[in-house]
Amino acid sequence: MPPTRDDDAVLAAPSDDDVETRLPATPDEPVSQPAEAAAAEPVEAEPVEAADPEAEQPDPADDLPTRDRLLRRLVGVDALALDATPRARLTGWLWALAVTVFAGVLRMWDLGRPHKLVFDETYYVKDGWSLIKRGYEAAWPTDPNAAFEAGDASGLGTAAEYVVHPQVGKWLIGLGIQLGGGVGSSAAWRLGAAVFGTLAVLLLVRVARRLFSSTAWGVVAGVLLAVDGEAIVMSRVSLLDPFLMFFVLAAFGALLLDRDQARRRLADRAAVVLDAGDDLGAGPRLGWRWWRLAAAVLLGLAIGTKWSGMYFLAVFGLMTVAWDITARRTVGVRGWFWAGIRRDGVVAGVAMVGIAAVTYVATWTSWLVHPLAYGRQWAADNPGQGVTWLPAPLRSLWKYHQDMWAFHTGLDTPHSYASHPLGWLVQWRPTSMFYPPEVSGLSGQQAQDACGASQCSQAITAIGNPVLWVAATAAILVALVWLVRFRDWRAFAVLSGIIAGWLPWFAYPHRTIFTFYSVAFVPWMVLTLVYVFTLVVGPKDELDPRSRRWAIGVVSAIVALAVAVGAFFYPIWTAMVVPYWFWHAHMWLTTWI
32 MPPTRDDDAV LAAPSDDDVE TRLPATPDEP VSQPAEAAAA EPVEAEPVEA ADPEAEQPDP
92 ADDLPTRDRL LRRLVGVDAL ALDATPRARL TGWLWALAVT VFAGVLRMWD LGRPHKLVFD
152 ETYYVKDGWS LIKRGYEAAW PTDPNAAFEA GDASGLGTAA EYVVHPQVGK WLIGLGIQLG
212 GGVGSSAAWR LGAAVFGTLA VLLLVRVARR LFSSTAWGVV AGVLLAVDGE AIVMSRVSLL
272 DPFLMFFVLA AFGALLLDRD QARRRLADRA AVVLDAGDDL GAGPRLGWRW WRLAAAVLLG
332 LAIGTKWSGM YFLAVFGLMT VAWDITARRT VGVRGWFWAG IRRDGVVAGV AMVGIAAVTY
392 VATWTSWLVH PLAYGRQWAA DNPGQGVTWL PAPLRSLWKY HQDMWAFHTG LDTPHSYASH
452 PLGWLVQWRP TSMFYPPEVS GLSGQQAQDA CGASQCSQAI TAIGNPVLWV AATAAILVAL
512 VWLVRFRDWR AFAVLSGIIA GWLPWFAYPH RTIFTFYSVA FVPWMVLTLV YVFTLVVGPK
572 DELDPRSRRW AIGVVSAIVA LAVAVGAFFY PIWTAMVVPY WFWHAHMWLT TWI
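Heads up: the sequence shown runs through residues 32 to 624, numbered per my numbering.
Read the hints as simulated data drawn from the structure, not as lab findings.
There's no promise every hint is true.
Derived Cβ-Cβ restraints for the label pairs, each shown as a range [claimed, not checked]:
#1 173 to 540: 54 to 60 Å
#2 598 to 540: 46 to 52 Å
#3 613 to 215: 49 to 55 Å
#4 517 to 366: 37 to 43 Å
#5 479 to 170: 50 to 56 Å
#6 411 to 173: 19 to 25 Å
#7 299 to 411: 33 to 39 Å
#8 457 to 309: 26 to 32 Å
#9 366 to 584: 46 to 52 Å
#10 385 to 129: 35 to 41 Å
#11 247 to 501: 44 to 50 Å
Since we're looking at a predicted model, the values are computed, not measured.
Quick reminder that beta carbons are idealized off the backbone N, C-alpha and C, glycines included.
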């Protein structure tokens with residue numbers, strides 16, 4: 032069933048060229064005849080069919096004031112009704128908070144398990160603490176983990192350590208350690224990731240609610256993200272990726288708010304021009320776009336967490352300009368494409384890229400002000416080299432970035448859990464982050480005491496909820512069809528994060544990359560699946576009640592199955608000690624081991 036396209040579709044009133052569609056269907060049937068000829072030549076009367084009550088009815092919107100008519104076309108009837116009453120607004124927040132509490136329990140419960148630095152926590156947790164104590168990433172002695180896990184951070188030196196990622200995510204990890212009880216608490220190591228991973232669920236509920244103009248669909252999206260294994264694992268392990276996911280999702284939400292606000296403003300200003308009988312020309316200017324500027328700041332923070340945030344800046348920037356261009360087309364601007372480029376595109380490009388760049392450089396403030404930071408003195412030690420027109424601190428920063436880029440593009444160290452991005456969507460090779468031999472090696476009474484079986488396992492496997500990822504992968508194909516066939520703006524919106532977070536990695540098949548990088552776009556996997564759910568269920572007036580009940584039943588069954596599978600996989604997402612047979616029962620594919 033094609034989606035209703037009440038904003039980005041061409042919704043012009045019928046023109047004179049459309050009149051022929053109302054003429055008699057038979058070509059040789061006369062439209063009219065002279066009165067005297069009709070009297071002289073009697074014709075046998077033919078039965079007249081009853082008129083279709085829905086045919087030839089005037090559009091009720093045609094009687095609305097110009098502003099209201101434009102709002103319906105630009106924003107959509109359902110979107111206008113979404114927050115129309117205080118009760119609707121309150122309900123929207125209460126449901127969002129309820130789902131967030133559910134997600135928070137899954138992410139926070141026994142967060143300190145295991146009390147060991149897991150996978151790349153060995154870098155980011157200690158770097159985060161170093162930033163808190165030194166203001167830059169300082170070196171640690173050889174094999175510092177045992178002392179650090181025991182709460183002894185006295186080994187932190189003052190010599191700079193070479194690191195290859197920006198600082199935002201590490202600052203947030205360090206802040207979590209500071210607020211959560213210090214280095215002796217493994218829960219504190221992960222507090223920052225858990226908080227941001229939980230808040231991402233709140234964001235997604237609100238984003239989906241606005242995107243689909245429905246509180247119910249927002250709740251469905253939040254529940255699916257709450258029970259996803261990638262999202263849970265990456266909220267309970269202190270890596271950079273959950274912070275990247277949060278910032279890009281927040282930027283996407285800000286752009287949705289900007290879209291709504293800009294279109295309301297466009298309706299207001301275009302209505303004034305049209306009601307005055309003037310020509311729209313290129314359309315009115317829309318003034319300062321504060322939500323778009325907020326999105327640029329958030330994208331700068333995303334890039335300041337991991338450089339892959341740059342791809343989201345590029346895709347989201349094109350998307351928001353496309354929304355503006357189609358808005359000008361909808362209000363009737365002639366030459367709407369180039370008008371949109373001039374009025375919106377150039378300004379958006381300069382503002383978003385410029386503000387994101389300034390934000391990104393600002394995230395390096397602590398590096399710039401600490402003379403002992405790694406590479407900080409390069410310009411002083413190498414006069415006349417590098418980008419000479421830059422001030423010395425920025426020249427050093429530029430050289431450092433060149434070294435970081437060379438590291439990232441040349442990283443090809445073999446790893447048993449490295450994976451090609453082609454398999455990410457179906458979680459073909461998930462990342463095993465923790466499987467301690469001291470637990471799997473237990474036997475006899477020790478094993479019985481630990482897990483109630485003769486052999487035990489303890490695992491953190493960063494694998495997405497299989498129901499969600501397989502269903503969402505199939506949903507991508509449906510969304511692509513709807514995008515091409517019906518030009519539904521929501522189809523591109525739900526695919527945008529997948530385009531930005533997944534496709535660029537195909538350019539780096541030679542380097543060591545992992546499936547858990549896909550957590551950056553898991554919110555858009557959820558949104559794509561929910562988008563297809565909305566097509567299956569459809570608007571209330573397009574399906575008979577029985578068919579709609581069946582559709583809702585199917586969607587409910589898929590969501591319930593995802594929740595059940597999430598409960599089944601939860602122990603191997605969260606390092607519970609379980610019998611070996613129980614762990615092995617989760618290894619559905621040999622590539623998961």
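Here is what the structure says about each hint:
1. 173 to 540: 54 to 60 Å: violated, 34 Å
2. 598 to 540: 46 to 52 Å: violated, 36 Å
3. 613 to 215: 49 to 55 Å: Roughly 31 Å apart at Cβ, these two residues miss the hinted range, so it is violated.
4. 517 to 366: 37 to 43 Å: Roughly 25 Å apart at Cβ, these two residues miss the hinted range, so it is violated.
5. 479 to 170: 50 to 56 Å: violated, 44 Å
6. 411 to 173: 19 to 25 Å: Violated, since residue 411 and residue 173 (Cβ atoms, about 30 Å apart) do not stay within the stated range.
7. 299 to 411: 33 to 39 Å: violated, 55 Å
8. 457 to 309: 26 to 32 Å: Check failed, 55 Å falls outside 26 to 32 Å.
9. 366 to 584: 46 to 52 Å: Taking Cβ atoms as reference, residue 366 and residue 584 lie about 49 Å apart, which means the hint holds.
10. 385 to 129: 35 to 41 Å: holds, 39 Å
11. 247 to 501: 44 to 50 Å: This hint is violated: roughly 23 Å between Cβ atoms.
Taken one by one, the earlier hints fail for this structure at numbers 1, 2, 3, 4, 5, 6, 7, 8, 11, listed in ascending order.
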